[in-house]
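Visitor: Hints given; two lone chains; assemble the complex.
Each chain, letter by letter, is given below.
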Amino acid sequence: MQTTTRAIHGEPTYTRVKREPTRLLSLYNTAPQAEITLEEFELYALDRLQILRSIESLRLRGMKGDEFRMKLEEIISACMPMTLGTAEEVRKDQISHFILRIAYCKTEDLRRWFLKHESELFRFRLERLDSNERAKFMEQSGLAYDVVSKEDVLRLKAQLQAVPIFSQQPGYGQGIHTVEVTRTQFFRIPFTQALDLVAHRQVFLEGGFAYVPVERLVSIIVARFRSSLSRGLLEAFGAMPYVLTDGRIAPLVSNMAKQYTGKDFSGTKTGDSLDLNDLDMLADRSMPMCMRVLHKNLRLEHKLKHWGRLQYGLFLKGAGIGMEDAIQFWEKEFTKIMTTDVFNKQYAYSIRHYFGKEGKRKDYTPFNCSKIILGPGPGHGEFHGCPFRHYDEANLNKLLERAGVGAMDRDEMIKLSKGQHYQLACMKHFETTHKGAESLISMDGVGNHPNAFFAASMAFYKEKNGEGGRRGGSPNPSSQTSASSAGPGEDAGDPASPHGESMEIGTGEGSPPA
Amino acid sequence: MSFLLFRASFLSRSSFSNRPIHLNAKNTLCTSTCGRLSAAGNRENMEIAPSNTNKVSVAAAAINDQEFSPELLRFFYNRLFPYQPMFKWLSYGNDPDNDAAHIVRDYFACREFSFTINDDIYIRYQSFRDASEMESAIQKKQPHKIDIGAVFTLPPKDHHTVKAEAFKPVERELIFDIDMTDYDDIRSCCTGAKICPKCWVFMTMAVKVVDTALREDFGFRYILWVYSGRRGVHCWVCDPNARALSNDGRSAVVEYLSLPRGNEKSKGKNGGLSWPLHPSFTRAFDILEPMFESGVLGEAGQGVLDSENSWDTLLDTLPDEDLANRLRREMRRLTNAQDRWLEIKSQVRAASSAHASGNARRQSRGGRAGNGLFALDLWKYEVVFQYCYPRLDVNVSKGTNHLLKSPFAVHPKTGRVCVPIDPEDVDNFDPFRVPTLKALAAQIDAYDAQNAQNASAKALPDYKKTELKSAVELLERCVVDPVALATKRRLKLEREKEAAMIGDF
Numbered sequence: 001m002q003t004t005t006r007a008i009h010g011e012p013t014y015t016r017v018k019r020e021p022t023r024l025l026s027l028y029n030t031a032p033q034a035e036i037t038l039e040e041f042e043l044y045a046l047d048r049l050q051i052l053r054s055i056e057s058l059r060l061r062g063m064k065g066d067e068f069r070m071k072l073e074e075i076i077s078a079c080m081p082m083t084l085g086t087a088e089e090v091r092k093d094q095i096s097h098f099i100l101r102i103a104y105c106k107t108e109d110l111r112r113w114f115l116k117h118e119s120e121l122f123r124f125r126l127e128r129l130d131s132n133e134r135a136k137f138m139e140q141s142g143l144a145y146d147v148v149s150k151e152d153v154l155r156l157k158a159q160l161q162a163v164p165i166f167s168q169q170p171g172y173g174q175g176i177h178t179v180e181v182t183r184t185q186f187f188r189i190p191f192t193q194a195l196d197l198v199a200h201r202q203v204f205l206e207g208g209f210a211y212v213p214v215e216r217l218v219s220i221i222v223a224r225f226r227s228s229l230s231r232g233l234l235e236a237f238g239a240m241p242y243v244l245t246d247g248r249i250a251p252l253v254s255n256m257a258k259q260y261t262g263k264d265f266s267g268t269k270t271g272d273s274l275d276l277n278d279l280d281m282l283a284d285r286s287m288p289m290c291m292r293v294l295h296k297n298l299r300l301e302h303k304l305k306h307w308g309r310l311q312y313g314l315f316l317k318g319a320g321i322g323m324e325d326a327i328q329f330w331e332k333e334f335t336k337i338m339t340t341d342v343f344n345k346q347y348a349y350s351i352r353h354y355f356g357k358e359g360k361r362k363d364y365t366p367f368n369c370s371k372i373i374l375g376p377g378p379g380h381g382e383f384h385g386c387p388f389r390h391y392d393e394a395n396l397n398k399l400l401e402r403a404g405v406g407a408m409d410r411d412e413m414i415k416l417s418k419g420q421h422y423q424l425a426c427m428k429h430f431e432t433t434h435k436g437a438e439s440l441i442s443m444d445g446v447g448n449h450p451n452a453f454f455a456a457s458m459a460f461y462k463e464k465n466g467e468g469g470r471r472g473g474s475p476n477p478s479s480q481t482s483a484s485s486a487g488p489g490e491d492a493g494d495p496a497s498p499h500g501e502s503m504e505i506g507t508g509e510g511s512p513p514a
Numbered sequence: 001m002s003f004l005l006f007r008a009s010f011l012s013r014s015s016f017s018n019r020p021i022h023l024n025a026k027n028t029l030c031t032s033t034c035g036r037l038s039a040a041g042n043r044e045n046m047e048i049a050p051s052n053t054n055k056v057s058v059a060a061a062a063i064n065d066q067e068f069s070p071e072l073l074r075f076f077y078n079r080l081f082p083y084q085p086m087f088k089w090l091s092y093g094n095d096p097d098n099d100a101a102h103i104v105r106d107y108f109a110c111r112e113f114s115f116t117i118n119d120d121i122y123i124r125y126q127s128f129r130d131a132s133e134m135e136s137a138i139q140k141k142q143p144h145k146i147d148i149g150a151v152f153t154l155p156p157k158d159h160h161t162v163k164a165e166a167f168k169p170v171e172r173e174l175i176f177d178i179d180m181t182d183y184d185d186i187r188s189c190c191t192g193a194k195i196c197p198k199c200w201v202f203m204t205m206a207v208k209v210v211d212t213a214l215r216e217d218f219g220f221r222y223i224l225w226v227y228s229g230r231r232g233v234h235c236w237v238c239d240p241n242a243r244a245l246s247n248d249g250r251s252a253v254v255e256y257l258s259l260p261r262g263n264e265k266s267k268g269k270n271g272g273l274s275w276p277l278h279p280s281f282t283r284a285f286d287i288l289e290p291m292f293e294s295g296v297l298g299e300a301g302q303g304v305l306d307s308e309n310s311w312d313t314l315l316d317t318l319p320d321e322d323l324a325n326r327l328r329r330e331m332r333r334l335t336n337a338q339d340r341w342l343e344i345k346s347q348v349r350a351a352s353s354a355h356a357s358g359n360a361r362r363q364s365r366g367g368r369a370g371n372g373l374f375a376l377d378l379w380k381y382e383v384v385f386q387y388c389y390p391r392l393d394v395n396v397s398k399g400t401n402h403l404l405k406s407p408f409a410v411h412p413k414t415g416r417v418c419v420p421i422d423p424e425d426v427d428n429f430d431p432f433r434v435p436t437l438k439a440l441a442a443q444i445d446a447y448d449a450q451n452a453q454n455a456s457a458k459a460l461p462d463y464k465k466t467e468l469k470s471a472v473e474l475l476e477r478c479v480v481d482p483v484a485l486a487t488k489r490r491l492k493l494e495r496e497k498e499a500a501m502i503g504d505f
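Chains as they are written, first to last, in the UniProt record's numbering: chain D, 1 to 514; chain Z, 1 to 505.
I should point out that these hints are in silico values taken from the structure, not numbers from a laboratory. Hints should not be assumed to be uniformly reliable.
To be verified - Label-pair distances were calculated between CB atoms; the ranges are: (1) D:H353 to Z:R74: 26 to 36 Å; (2) Z:E308 to D:R285: 44 to 54 Å; (3) D:R285 to Z:I117: 45 to 55 Å.
As the list claims (entries may be wrong) - Covered by chain D, according to a simulated footprint, are these stretches of chain Z (three or more residues, beta-carbon under 8 Å): (4) 218 to 225; (5) 249 to 259.
The beta-carbon is built from N, C-alpha and C at its ideal position, and this holds for glycine as well.
Only chain Z is shown next, with the shape it has when bound in the complex (with noise of 0.2 Å):
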């Protein structure tokens, strides 16, 4: 019964103008028109529409509490998904309605993307020729998760059609995935699915500095950081050099953008750090301490020093016993964590520099962690990286063919949408804020009630009356915007081009 009166109500409340007109899709948006056509039919209805208002909000209440529903799902889809700021970034400015001559007619029916429906099944190879095509196979299949792939030399869902040779990835974005699991060894606060702000700072650390690495060393620049709707986040480096990258390509980036580890059986062989360190390690720990220390040491984070038997720990890795047993008896001293790790940091320079013999050190110019020459130096390097450093899972990256969760997907578990985050305000990101399906369905509701006499206000896509807003703004800021802006650069310089070589003539 509740059921009922959600979708009658907020059906009404669209208008035809609310959407973009869709040629081809009669039969697939049936399922959803129909009951705006019935909409239509009820325009008196539609009158009534400020009366409506507490019916809709009653409803939303009386849907079961859940998250995440096939009828949320149906909404979402419906009214939600950016389907148009998608396709303009995935098909990187390539509009197969666009008559001119540097198009590539093809490039986004090209995409392979995967659906899962139900949970359970899961399909490969679909591919759409343009965004009102994927809306349609969309609403029409209702997936609950929506990967993306690479680039083909043929659309994929032809692939059946030629042989293995003939279809390949032609390009795909760098991807990354951070994911908190990967951290589970160091987490005290949760473990495994689960998150919270102390753990959370985590993957701040890692987005900081992983966007730093790419822009600063690799010259990256269109850059999309996006949460991935429960415990983790992902990044699609989009540059044209980077979608070109080859399987060695990407596993070089992302070699480099890890620490060398060993596990616990190897850690002898040659796994850790070294000195000098590289420019790209002294960097992330400048990034990183600061964060180390607010967010890591004390209680408000994982308490590394908060209590004798953590601080025992930590300074059992010490490579000089005395030092560890002195400090010991300073760490009961002292307050609180940020003072510890000062005293801590202080005592191992002393102890470094009165250590080594001079000349000893000038002569070797380098040496491993396990070299005692420079393992005082090198080990606060390794704390502060053994927590903070970014934890990237290499398969994901490594690979041309794997599929990604698309952005503005839903997670079914959480219900939140995978919105994109700032990577310059990631410090504000909070994945508990992140939006979910029912409170958007609220948010358009809201802004319908409070627009009911402006026409044009309500006949905004249903998105922009959302949180969602600024989160397709920022795709659009990362992506989008930038790439068509370069290539009406690059157009204009090869007019100017051809036209200077016109002129010689």
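Only chain D is shown next, with the shape it has when bound in the complex (with noise of 0.2 Å):
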């Protein structure tokens, strides 16, 4: 119910009356039982899936704060409003929401993909409650938590002061500040429920319970949200068998999963393999600047952590490194500082079970960008990452000076970084480094994926020495399949991006409005 009324210049304005918060968003626990069409099944589906893909793109762009849930509110509400609740709106959204969950659900990637998304969506609607409709939502969905009582935040009063609070996430953050404890009310939480907290060390623990400010409340009930829903997924993967008996939704599911899939780069790459021997070369020439880095510094240590292994390990088995010769070529490294005997007994095993021949023989895909950047940055000793992630600046500049990048190139790329469009600062890097790029080949997946990169560099240069004549620019649907993020996850192809044609989503054949 929405009453408008006409303010002196006329323009309308709406009261915000009577919507039912509790109807704006859901914990989704129990399945909506309806008669849909198919066409509405996929459209409904597809439309929630362009909002969760609009929020990882909008994150790999390092967008945060209130230009973060603008630009997703504008999303929202051309894809799948939710404003007042009304019984059109939460129906859309439930159903949505549990195709979804269906296709979703098979694989540890795609669940792992679709909790983080839907949860980040669960938040943004959980913030946009003021705190009386927040409390009826916890109440409504009994997410009741006790109060620490006054006598405990007097005795606590100096821990509970020095806990610092981070405007936003830890590494977006600009504005720390301390709650004024006398007037707040703290909550006394399971340190398991409140582990986001508790890893960021941004909360009081004292016996095993986190001490949470309401004004982190969000966190927790979040917290919540995706348990219950990564248990929810596990469920639907056990019914998947007898959801798939029915023809109908059966290709649709399946394929949903894979609509924005590009190519991943897993399984064994056709055409060209890699020679060992050129790798010196390649590194230089053809590699994005975090295998690079990785490449150079095993060169210089004749070993790599964790970390560098698996990222660069992977890389190399995208590029077309068979696993023998892997094992050939982290062997004669790693042999420089021991023996053939400790590198066989420490380090052959891993290679071999990321290839996919051990335990649980799951062959591993190289990590995209996202998968980078997101991820656990490098410590001490170590070279993974996203160098124009991870890197500061001044790093950063004598990284791409060695390179041999131009002072001009490199203002520009460091800019993009310090901005946070980690991605685009890498392709600003292609396109420095292969001028002219443009116009002989296709540079689909650049800035997405290691992988992309190198193969666009590697034909880039086969095309400039003269092999094949294939023109490329816009992207040939019959010539490959979008070369983007691995897995679930990928570009939703912002229209605002100045490179349109490279950021080109779906699987080439009646591609979906961006």
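Guide: Dropping the structure here:
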């Protein structure tokens, strides 16, 4: 129910009246009972998927705070509005969520992706409620928590006062403040339900309980949402065989998860395989910065720590190095500082493991940029990660300079990096080192996946050296599937992107609207 | 020749009454009992026991000087490894031979162990029904290393019989691994696998900080600290809620316990401390600073304030160059490291209050280290933490699947037994006096010699005749007994509740 009033200047203003906070968001504990058409089935799911993928893409661009919320609000209004909690809005929300549950429960990667972005959506909606509405929602959803007594607050005053609160997620944040302890309500929550706060040391702990100020309650509720959704996904996975018996939806559902998945560089590569002897040259010429750093440090120290080995090893796998060659490569380098025996015992196994020849035989896919940027950063003695993300300005400048990048280009890349547009910076790097590439080859996936960068570079030099007459430019549906992030996540093809054509999504045939 | 002497001599000392009776271990005990069987045949020789004392000692010395050998290992597994206490710990009271209703009968059987045989061959998915099955397997396989894994949905040795999804970890202790090699960048006394009393103090500091945090912040109570055998310590948190922690939970705990860090390249970005300091940091500082002063600063430690070069490096990190230069002059004037530290602290304190204008500080209630307003205040914390703050191997703690060396295993390089450490007495723990296999062998002989006439004393389980007795008692005190007590209380409560309900009828 909404009432319209006209203000003095004749513009309609809406009074926010009577929206049901408990209907604006949901823990999705019960599946909806409804009948829908097949068309609705697909459409609802795709609309929600669009939202989730936009969340990912906005985050990758480093958006945060109000900017993030505004952009997301726009996308949500376009795809699946949820402003008043009307029956229609709720219906679409519930149905689309559960359809996507089916589509995204199959593998661990899919589940993780879905969990992550659904949680972000939930957090967004939760933060839009005011504290009364939130309290009401909590009550209705059975999320009651103990309030800390006045005596205890006084007893712990000094410690509670000393707990820093970052205004946004650590890493993005600028402001740090503390709460006015005596004027704040605290909740006593088992630490297992406040893991996010615990991990970032954003909360005071005593005897296994986290003392959470009311303004941090959102994190807790989101954590609860996440864990209950996680359980739900596993249940969905168990129910899959039954779901797939319906011949109509089975193909829709199996394709949904693949819908925006581009090339993930898993599996055996057809075409040119990589020559180990060329690696040094290729590191300078064709590898993205992240892999170049790893290669150089490997050559320098004759070893890499765990994440470095994984990130670089999987990259090489995706670039076409077979398992035997890989083992030979690492062995040759590592045995400069250790015996073959030690190498075989401590490192060979893990190489075979990520080729899928050991243990649970999972064929690991090379990391995409999303994973590298958002993953664990390098610590002391480590060289993995994304230099545009993990290096500070001075070191990044030095690195690019050593790589032979000109001053003006360097400045631009650093500017992009400071604005947290890490992938754009990497793409810029590709452009400056591969002049004229757009007209020779397809730059699909560059900036989204290190292997795409590498593949594009190889193709560029192949073209340049006069082999083949393939004209490139706009992605050719028949030539290749768009090389984008591995697994379920993928760039939503933000129309505002300056590199529209290379960020195209879709499988090439009948690509959905960006 | 000496080998034969060794075996015959100590075997003749053992009698059947020394060992608990193994019903199902006939063939597997063969190799170690066959000697005893001959001893039984040589009953008369037992009477000569006292005069054999010389033989054993001589024989013990006559063994090659190695701290670790297959013979020593066999002896250890045969007479010293505390199977029963370990079983009692890892089963948390779930004895399969106990008929009570609350027992999870196959709990212990679902625990994974892994063995390293002969330094080379690594076998996973070992599992045993109870202490005696475990003993037989260990005695048979003579593993150089024993690791403990998680409790799974079914006995690990049967994991091939089901689909991969059906074989999952159910619970697992929360574990931590602190290794001296992670401190290499601040150790000047040793590197790599080598340790000395000067750098061992880093382990002591780590144990104190982590133990306090685990107990006070997380409320954990059943915590077992263990010497890793060479250059570090392990921690096993055995509370039921710790065992049930998800990977995310473990990840969160270990991140809470770790310093926010980047590497040299990302320092400018967002590594490092910020103001205000979380209460766990101020507490850690209070624990660490005294040890920093006595154990790291001076000659008895890493010599951080001992020579011009080293204090220069330290003062370089001060965010105030003028202050640093003033202090450099002072350093030369003072004669010992502790005085220098006090001087530095007092001048930093003075500078920090004079420095930032009162208003700016009062208005902002927090800031990062790089932010000038609090840089000076944070400096001393950063210094102390850089040296002393625990450096945990996060990968060990994050997964429920990670296999970790078993307490009371023997380290193949040092021959030392991985004994528990008492966190209340960690200052007095000396890794260089941890019993080795040879020493333990000698202790048994000595005890038996002293109690040659006292049959019941000699009938004690062998580990109780040695230093291992107190080690095992520590295990029992930290984990076994509290768990048993808690179970008892819980059952009592349940019985009372039940009785009350039935009574109401």
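Visitor: Against each hint, give a clear statement of whether it holds in the structure.
Guide: Taking the hints in turn, this is what the structure says about them:
A hinted range of 26 to 36 Å holds for the C-beta pair H353 of chain D and R74 of chain Z, which are about 33 Å apart. Checking the proposed 44 to 54 Å range against E308 of chain Z and R285 of chain D shows it holds: the Cβ atoms sit about 47 Å from each other. At about 47 Å, the CB distance of R285 of chain D to I117 of chain Z agrees with the hint of 45 to 55 Å. Counting residues of the segment 218 to 225 of chain Z whose beta carbon lies closer than 8 Å to any beta carbon of chain D gives 3, which meets the minimum of three for the stated coverage.
For the segment 249 to 259 of chain Z, the stated coverage by chain D is satisfied: 6 residues place a CB nearer than 8 Å to a CB of that chain, which reaches the threshold of 3.
Violation of the numbered hints given earlier is absent; every hint is satisfied by the structure.
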